[in-house]
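Knowing the structure of chain A, use the given hints to seat chain B on it.
From first to last, the protein sequence lines are chains A and B.
Under my numbering, think of the first position of the first sequence as 1, with each following residue one higher.
Under my numbering, think of the first position of the second sequence as 1, with each following residue one higher.
These aren't lab readings, by the way, just hints derived from the structure by calculation.
No experiment lies behind these values; they were computed from the predicted model shown.
Hints should not be assumed to be uniformly reliable.
Stated by the list, open to error - Estimated spans, in silico, between C-beta atoms of each pair:
#	chain 1	residue 1	chain 2	residue 2	range
1	A	Val211	B	Ser58	49 to 57 Å
2	B	Val97	A	Thr286	26 to 34 Å
3	A	Asn216	B	Ser120	56 to 64 Å
4	A	Trp87	B	Pro226	38 to 46 Å
5	A	Ser134	B	Gln9	28 to 36 Å
6	A	Val187	B	Val158	51 to 59 Å
7	B	Ala68	A	Leu146	52 to 60 Å
8	B	Val140	A	Thr293	31 to 39 Å
9	A	Arg109	B	Val97	57 to 65 Å
10	A	Asn216	B	Pro226	38 to 46 Å
11	A	Leu18	B	Pro96	51 to 59 Å
12	B	Pro121	A	His165	43 to 51 Å
13	A	Thr286	B	Pro96	24 to 32 Å
As the list claims (entries may be wrong) - Which residues of chain B face chain A? A few of them, derived with a C-beta cut under 10 Å, are:
#	residue
14	Leu98
15	Val100
16	Val111
17	Pro288
18	Leu291
Just so you know, even glycine gets a beta-carbon here, dropped at the ideal spot from N, CA and C.
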Amino acid sequence: MRRALGMSLWVAMVSAGLAVFLFLPHFVSDFHSRDLAQAGAFFIAIIGLDLLTGYTGQISLGHGALMAIGGYTTAALIVHEHWRDVWTIPLAGIAAGIVGFVVGLPALRLSGLYLALATFALAVAMPSLIKKFSGLTGGSQGLQFLESSPSQVTGLSGKVTVLGHTMTQNHFLYYLTWSIGIVGLGVAWLVVRGRGGRTFRSVRDSEIAAVSSGVNLAWTKTFAFALSGVYAGVAGALYAIQNEIVNPLSFTVSISILLLVGAVVGGLGSLSGLVLGALFVEYLPTLSTNVSTREGVPDFIYGAAIIVVMILLPTGAGGLLRRLARPLTTWLYTRP
Amino acid sequence: MLFAFDWTQLAQQTVIGLSSGGTWALLALAIVLIYRSTGVINFAQGEMAMFSVFIAWSLVHHGLTYWAAFFLTIAISIAGAIAVERVVIRPVEQAPVLTVVIVTLGLLFVVDGAARWFWSPETRTLPNAFSTSPITIAGVAFSWQDLGNIAVSLGLVVLLWGLFRFTKLGLALRAAAVNPDESRLLGIRVSWMLALGWGLAAGLGAVSGMLTAPALASFDQNLMQPVLLYAFAGAVLGGIESPLGAVAGSLLLGVFVNLVGTYVGWIGTDLRLPVALAVILGVLLVRPAGLFGKVSARRV
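Bound conformation, chain B alone:
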C-alpha cells in the first residue's frame, strides 16, 4: 500500500455520519408515521421542525436552560401540530391524495412565512446540549455531542417503538392506520388518531431540529431544508412503509454521505445531495420498495 489507511479518521467520520444520520432518522420517522396512516408525504414536516427550533430559541432566550426548553418545546410542538391537523388537514381528509400533498406544500409556505415574520432573519445560535469536549474511546477521539445525538435519537426510536408495541394507544394508532373502517366500528376515533399521529410526528421533528441546530455554528429559517431532503431520501432508501427501514436508511445515508464527502475529493460538500440521491435511485431500481420495504400485493 502506498499510504497508511487512517482507521482513526474512518471511525471518527463514521460516528459523525451516524450523528447527523440520527437526526435525519427522527425526521424520516415523522414522515413515515404520517405516511403510514394517511398515505401522504408531509412536505411541511421540515419547516414545522424549524418552527419548533425557533420556539426553543425564544425559550432559551427568556432564560430557560436547554433541557427545560427542549421538553417544553416538544410539548408545544405536539399541541400545535394537533391544532394544525384539525384546522388544515381534516377538511381535506376525504380528498384525493395529491390534494392533501398540495395542502402540506401550502403549509410549508405558511410555516416558513410565519417564522420569517415573527423572528427577524438574522442568524442565531442554540447552546450545546452536550459538552463539546472530546472523549477518547480506544484511542480515537469522539465528540460528546455526536455521541449524545446518537443516544437521544436511538432512545427516542426505542421509546416510540414501545409506545406502538406495548400501549393501548399505540395499538389504536396502528389499527387506525391499517384499517380505518373496521377501527371505526370498534370505537376507535380514527380522525383523532390521525391528529395524534401529526402531533407525534411534530414532536419527533422538534427533537430532530433541536439536535441539528446546536451542531451548526449558527442557524436561520432555512435550517431544516437540507435535513428534510436527507430524511425523505433516508425514508425512501429504507422503504417508506417501514419505520425501522426509515431509521436504518437514514443512518446508512448519514454514514455514506459523510464518508463520500470526506474521501472522494470532487464531491466535497456541494455535490453531496445529488450524489446521495443518485445512489438512492440506483438502489431503488434494484429494490423498488426500498431496502426494507415489502412489495405489497394489491387487489384489482
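Bound-form chain A, shown alone:
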C-alpha cells in the first residue's frame, strides 16, 4: 500500500517536472527562453561533472575544455562540412567522450588535487591550443555559423516546425536543450541507480576497498571520464549552437569553475538538485548586475551569494531536498 503510494508520488513529481518543462516558455518572454536554454546546456555539463566528481570522486577543474571539444566539433562540422547544426550534436558528444577517455588515462596515476591540477592545466592550455590550430578552428577569430553557412542554422527565418508545432527559434533552442537534458538525466539515473552507481561510489569512497571487492579501477575511472566527456561535449555543442559562434574565449577557465560551482550548489552525489545548480550559475551573474553595475560590486555580490549558499547548504540543493523528503521517504519505506 505504502509502496504504491510512494510510486504514485514519484510519478506525480516526474510529471509535474515534465509539465514545467513543457509549459515554462509560454510564461516567460521569448528572450528568457534563450537564457533558459543556456542554463540547460550548463545543466547537461553539470550532470556529467556530477557523475565524475560527485559519484566517482575524481575532481575535474577542466570540464570547460571538454565542452570546447564539443563546441568546436559542432562548429567545424557546420562551417567546414556544412552539416545541419542539430545533427552535429551526437558527434560532438562522441568526440568529447574520446578526449575524456584520453584525459582519464593519466588520471589513473593521479588523485585528488594532483588530478585537479592536471585537468586545470588542460583548461588553461585549451585557448592557446585552439589558437595554434587556426586552420580548423579559425584561430582567435573563431568560427561564425551565420556568415559561413547560414542555411545550416535551424530557425534563422524565425520559425521552426517540429512535429507539426511551429515555434520561435528561442523556444526551439529551449525545447531542444532541455529535452536532451532530461534524457541525459534519465541516462545518468539509470547508470547510478544500480551496479554502476555502486561501482562509482566505491571508487570514490575507498579505492583500495573497491579493488579488493573486484572493481576494475582503471576501467571504472576511464569510463566515468568518457561518460562525463560525452555530457560535456553535448553541452558544448548546444552552447555553440545557441551562440551561433565559437571562439577561444567561449570556453575559458571560468566556465570550468562555473560548472564546479553549479555541481556543488546542486549537490554532489545526487541528481535531484542539479537543475537548481544550473539555474544558479546561469542567473546569479545577471541578478548581481541588476543590483548595481558599479565596478566590482556584481563580483562582490556573486561571490558573497556563493559563500552564503554554501554555508546554508553545505551539501547543496540535493542534500537539502533529501533532508526535506526524509520524513516522507522514511514513512513510505517502512512497513507498518
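Structure of chain B alone, referenced to chain A:
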C-alpha cells in the same frame, strides 16, 4: 660549436628566475600551510595577496615609506585573514572538502570585487624596495631587486621554519594539523590554530604580492592571478604536502620557465604557462606525489 654560449646571460636569467620563483614560493607556502591543516586549496589566496598590495599602495600613497607600509600591511593582512576565516570558513569547517573549496572560490570573487570597488581600475605603481642599480658579481651584472627578492623570500622561509620548529605555538599549529582530535584533548584550540594558519598564509601572500608589484612597470587588480597559478603549480611540483617541496618546486619552476622563455623561441611569453603545466604533468605522471612528496599509506 657554432656559437659561443653566453654564460653571463645564463647566470642572469637564472637569478631572474630565482627571483620570481622566490615570490611564487611564498604564495605556494601559503597554499601548503592551509592545505596541510585543512586539506583545502585556498583559491582566494592570490586575490587576498592582491588586496594586501592595494592596502600597501594606499599606505604608501598616504606618505609612508615602502618598508613602513610593508610591515604594517603584513600586520593588517594577518588580522584581516583571521577575521575572514572566522566569518567565512568556520561555519563550513565540518562540511565536505569540495564545499570549502567552493567557499574559497566565492571568496575569490568577493575579494576581487571589493578591490575593484574600493580602488578605481587604473594602473598603479609601488616604489622599489631595493635599489634598481645593478651590482656586478664575478663579472656578471645582477639587479639588486632580484637579489633582494631572493633574500627576503628565503629569509621568510627560514623564519617560518623556525616558528614551526622551535616555538610552542609552532608545535601547537603542527599538532592541530596532524591530529586535530588528540590535539583538542590536549587543550589545543584547534579551530583557532586553523584561523592562525590563515593569518600566517595571508602574511606570506602579502609579502609575495609586495615583492611582485614593484618589479612590474605597473599593476592593477589582476596582478596576482598568474602568480597564484605558478605558485599552485610549484607547490604541486614539489609535493603539496611538503613545505620544503613547495619552496624548491617554485624556485625550480621559476628558473625553468624563465630559461625556457629565453632560449626556446616559439614559447615566448604567451605559452609559458601551458608549457610549465605540461612539464609538471609529465613530472607528476612519473612521481604522482610530486618531487618531494611521500606516498602516504591510507587505512581502508
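Here is how each hint holds up against the structure:
1. Checked against the hint of 49 to 57 Å, the C-beta distance between valine 211/A and serine 58/B comes to roughly 56 Å, which is consistent with it.
2. Roughly 30 Å separates the CB atoms of valine 97/B and threonine 286/A, a value that falls within the hinted 26 to 34 Å.
3. Distance hint check: the CB atoms of asparagine 216/A and serine 120/B are about 57 Å apart, consistent with the given range 56 to 64 Å.
4. Taken as a hint, the range 38 to 46 Å holds for the pair tryptophan 87/A and proline 226/B, whose Cβ atoms sit roughly 41 Å apart.
5. In this structure the hint that serine 134/A and glutamine 9/B lie 28 to 36 Å apart at CB holds, the actual value being about 33 Å.
6. For valine 187/A and valine 158/B, the Cβ-Cβ distance of about 56 Å falls inside the hinted range of 51 to 59 Å, so the restraint holds.
7. Against the hinted window of 52 to 60 Å, the Cβ-Cβ separation of alanine 68/B and leucine 146/A comes to about 59 Å, which satisfies the hint.
8. Roughly 53 Å separates the CB atoms of valine 140/B and threonine 293/A, a value that falls outside the hinted 31 to 39 Å.
9. The supplied range of 57 to 65 Å is broken by arginine 109/A and valine 97/B, whose beta-carbon atoms lie about 21 Å from each other.
10. Range check, asparagine 216/A to proline 226/B: about 40 Å between beta-carbon atoms, so the 38 to 46 Å window is met.
11. At about 31 Å, the CB distance of leucine 18/A to proline 96/B disagrees with the hint of 51 to 59 Å.
12. Distance hint for proline 121/B and histidine 165/A: a CB-CB separation of about 49 Å, consistent with the stated range 43 to 51 Å.
13. Here the CB-CB span from threonine 286/A to proline 96/B is close to 28 Å, well matched to the stated 24 to 32 Å.
14. This hint holds: leucine 98/B has a C-beta 6 Å from the nearest C-beta of chain A, less than the 10 Å allowed.
15. At a threshold of 10 Å, the smallest CB-CB gap from valine 100/B to chain A is about 8 Å, leaving the interface hint in force.
16. Among the interface hints, the one on valine 111/B holds; its C-beta lies about 8 Å from the nearest C-beta in chain A, closer than the 10 Å criterion.
17. Interface hint at proline 288/B: satisfied, since its Cβ lies 5 Å from the closest Cβ of chain A, which is below the 10 Å cut-off.
18. At a threshold of 10 Å, the smallest CB-CB gap from leucine 291/B to chain A is about 12 Å, leaving the interface hint violated.
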